[in-house]
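Colleague: Listed here are the chains, written in short residue letters.
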Amino acid sequence: MNVMPGIATLSVGERKLLQDFVDEHQLFYGPDPAIMRNHKLEPRTAAEDAAMKKHDDPHLLNQVRGRVISALSESFRMVEQMGAAPGAKWGDLVTAIFSASGDLSEISPAGIVTFAGVCQYPIKFVNKYWTHDPTVGVRHGDGFIHNDSRYGGIHNTDQSMMMPVFHEGELVCWVSSTIHEGENGAIEPGGMPAKAESRFDEGLKMSPFRIVEDFQVKRDILTFLQNSVRDPKLQFEDLKVKLHACLRLMDRVRAVIAEFGKDALVAYLRRNLEDTEAEVHRRIAELPDGTVRFNTWIDSTLREPALLKVACAARVKGDRMTMDFRGTSPQLSNRSVNAVMGSTKVCFLTGVLQNIWPDLPHNQGVLAAFDFESDANSLLDANNDAPCAMSLLPMFRTITVATVSFPKFIYGLPDGAKARATVTLAAQYNQPATFVYGGLTQHMEVTGNFCADINGNGQGARENRDGEHGVSPLFGFMCDTGEYELAEEELPMVRLIAQHLATDRVGWGKYRGGLGYEQMVTARGTSMWGFMTGQSGSWFCSAPGLFGGYSCPAYPIAKVKDANVFDWFKEKGNAARFPYDIVELMNERPIESGRYVTADAGMTFEMVQEGEIYMICQGAGGGYGDVLERDPAAVMKDLSEDLISHESARDIYHVVYDRRTLIVDAAGTRAARDAERAARKARGKPYADFVRDWVTEAPAEDLPYFGSWGDTGRIIAGSGKTRQVMDAGAIQPVFMPDPRELRIAALEARVAELEG
Amino acid sequence: MKVLVTEYLRLDLAAEKWECRRCDHEIAGARENYKTGLLIHDREPSEIHKPMLDPKRYGFTFAPNPRWCRILEYYCPSCGTLVETEYTVPGHPPTHDIEFDIDALKAQWANRKPVVERTPGKDLPRPEGHHHHHHHHHDHEAAKG
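Chains A and B, in that order, give the protein sequences. Take our numbering: the final residue in the first sequence is number 780, and no numbers are missing along the way. Take our numbering: the final residue in the second sequence is number 149, and no numbers are missing along the way.
With the rest of the complex left out, here is chain A:
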């Protein structure tokens, strides 16, 4: 319903007349805040209530649940086996089942929580707007597609197929299948355009609409979609893959209905949600009442360096928990790094399910147990005008927020506490560290997408052991980094380093985070190819440690331009002489003609010539605990595995040992560590003295700073003369100047100066 300004001045009759007119003549069905801002469960329907009264045997419902999970698992594997997108091949997908009202009740066990979590919004949109619209309707055999994150989604590269399941004319549930498709016709190829300055630069903007009728893809609509993207084959193939996964899922659900009855299915779907929410409240009630705060900064808009604060205060009171993101950076209306709140919440849900309570059913009941606070027009709660193609940057920090906040509530709980569902662990690396690519392949096909290297984030250290190297993306514990050789067959890319773990790029601690690996790629056999990357954290470390552990390092991009490595191989006659190591290559510069460059790892799309080299590093997870408590034997093992250098063993861990034999001098190590503890006490200042000298009224004048400083109610935006200060409740979206215009202005000023 639209609310008209000034309506209060009208009589009751006039008011009704006007309201009826407006409701019947809605100009545009945009994203509906009543749907998009509500992450709670829909009220229990009369049908659900009746079904739950009829079926209250938990054993029967669990049997139904097992059958449905098996069907979800099967449909997931179908998509994984058949999908064309790199994301589909390596697990960046999900299939899911929703209640008739659209609440997410269960996902495929290995699936991506966020994809299914955000899918509730478009299903609720279809329920609300299309079911009773005489020009649309929702019928047996229909399939709806969607990708616009403003209607529910992480970013526009993810496409969902949603199908209603009817039984004897009654809608009983929805099923869905979602893939990170990649290419979507945006201003940059590959589907995640960092360069997007408005939402109209983001490519396909599918509000939820019907593309399947009577189980058949409508060819006219499909053609329109294919015509709008760089990879029409991908668009067609994966649409069919998602459709058939939904059809199989639907078959299995109908078999469940045939065996157990419709009401058993309905009762399970609802009870699964209500029981899960109740369990989360029980776990929250075990935590101490109080507040845990955490601040982190994104150091890039992917167009220019900037310090964008993500602030969080997690508050527990009884069985309620509120995630308060007020004080976070304002939205940047012409940059791609914004997120809408509906997506932000679901990303936080991933953080909880992947790191804190992985044993819970992965459904919306978990999310419904939490409350959220945010500033309107902030980076995590942007309005619908802001581009959010690279919403991963702020949203991934909400996963990090979970891994920093929850351990401080949970660590001290008694052994039997339900909230202690898994080991305490530090933050996983939280950047999409991969190459996005696009152009013309060696097979003369136009394409754009990203590499599965995104799925190799180092795991955070745990309270009882080190993190795993390159284990999974922080948003999906079962995704794989894929077979690069398959990509090389299809794409004009050659990987020069095969997942080489990078020495000394460690989140140090008593237990260290898992490491990331180097990625060194070049192009070959194409006349038109290019790369982009979307990492932040090149100046400000992105993945924090826990309980005294250190963060991951800062990761830049490195390039060798104006040189052809294949010519160099030919010239030297032996490719084995090439330094397959970023540090060695960049410091020794063996290709004489090359231009060696480093920059922040948020690189908008740029063309690459054959043999030019692009390098990034997948990142490490945060460390856990005091470095001086690391077992010297573990330090020696790290050395023998080339994970760290001798300098780090000495300067970070303070271990004394024989460099040749790696035999530890236990007494020497004890003495060195005692000396370091004494040195800490000598250099550390008492809190009050430190704060007096350290704290400033505002960030340094020249720092491009966005977000609160001390007081979360006061928001700072920008640097120098253009810096603004705003009330947190009244944030004006920020527009950034074009970096090229600034550069031209600086150069023109310099020219004028030189010309006198």
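Rather than coming from a laboratory, the hints here were simulated on the basis of the structure. It is possible that part of the hints are untrue.
[Said to hold, decoys possible] Derived lysine to aspartate or glutamate pairs resembling EDC-like cross-links, with alpha carbons at most 16 Å apart:
1. A:Lys341 to B:Glu103
2. A:Lys709 to B:Asp46
3. A:Lys341 to A:Asp383
4. B:Lys117 to A:Glu397
[Said to hold, decoys possible] Among the chain A residues that face chain B by a calculated CB cut under 8 Å, a handful are:
5. Trp321
6. Pro438
7. Ile521
8. Ala522
9. His524
10. Arg529
11. Trp532
12. Pro568
13. Gly573
14. Met610
15. Glu616
16. Arg674
17. Ile676
18. Arg701
19. Arg707
20. Val715
We put the beta carbon where it would ideally sit given N, CA and C, even for glycine.
Given chain A's structure and the hints, the job is docking chain B onto it.
Modeller: Structure of chain B alone, referenced to chain A:
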């Protein structure tokens, strides 16, 4: 009653004190910010995250930019344990990260047994070994640690 809070911190609810779990040092009042009782050092970030690419040639080296990022290290004044690290922007007020309602905590722990040492949380189950191949079985046992 003493309640563990982190690897290095616990609360003595009766005395209302934050304590160091390594040396039992009384750090601060339980209703205060525990950081007020620790020593702080503004750590040059490149000492921890060393520049690996030649800083004379490159602006981005794998080390953080010290004008953008500092590491606040919090030490126990008694035993020198590194209790907490805080990555922050130069001049930003230190974050009061843990603020518990002590009265509520007392009520909550009134019916709980004290926990002196944490046993790590539940670990994921490990896959079964191949019992018919003895060497695999052996590897499996070793992996259990």
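Colleague: Each of the hints needs a verdict: does it hold here or not?
Modeller: Hints, verified against the model:
1. A:Lys341 to B:Glu103: holds, 12 Å
2. A:Lys709 to B:Asp46: The given pair, whose Cα atoms are some 9 Å apart, holds under the 16 Å limit.
3. A:Lys341 to A:Asp383: Roughly 23 Å separates the two Cα atoms, so the pair is violated.
4. B:Lys117 to A:Glu397: violated, 35 Å
5. Trp321: Given a least distance of 6 Å, the restraint on Trp321 (chain A) holds.
6. Pro438: holds, 5 Å
7. Ile521: violated, 15 Å
8. Ala522: violated, 20 Å
9. His524: violated, 14 Å
10. Arg529: For Arg529 (chain A), the interface hint holds, since the closest Cβ of chain B sits about 7 Å away, which is under 8 Å.
11. Trp532: holds, 7 Å
12. Pro568: Holds, about 6 Å.
13. Gly573: holds, 7 Å
14. Met610: holds, 5 Å
15. Glu616: Status violated, d = 15 Å.
16. Arg674: At 12 Å from the nearest chain B Cβ, Arg674 (chain A) fails the 8 Å test, so the hint is violated.
17. Ile676: holds, 7 Å
18. Arg701: holds, 3 Å
19. Arg707: For Arg707 (chain A), the interface hint holds, since the closest Cβ of chain B sits about 5 Å away, which is under 8 Å.
20. Val715: holds, 7 Å
Consistency note: the structure conflicts with the earlier hints numbered 3, 4, 7, 8, 9, 15, 16.
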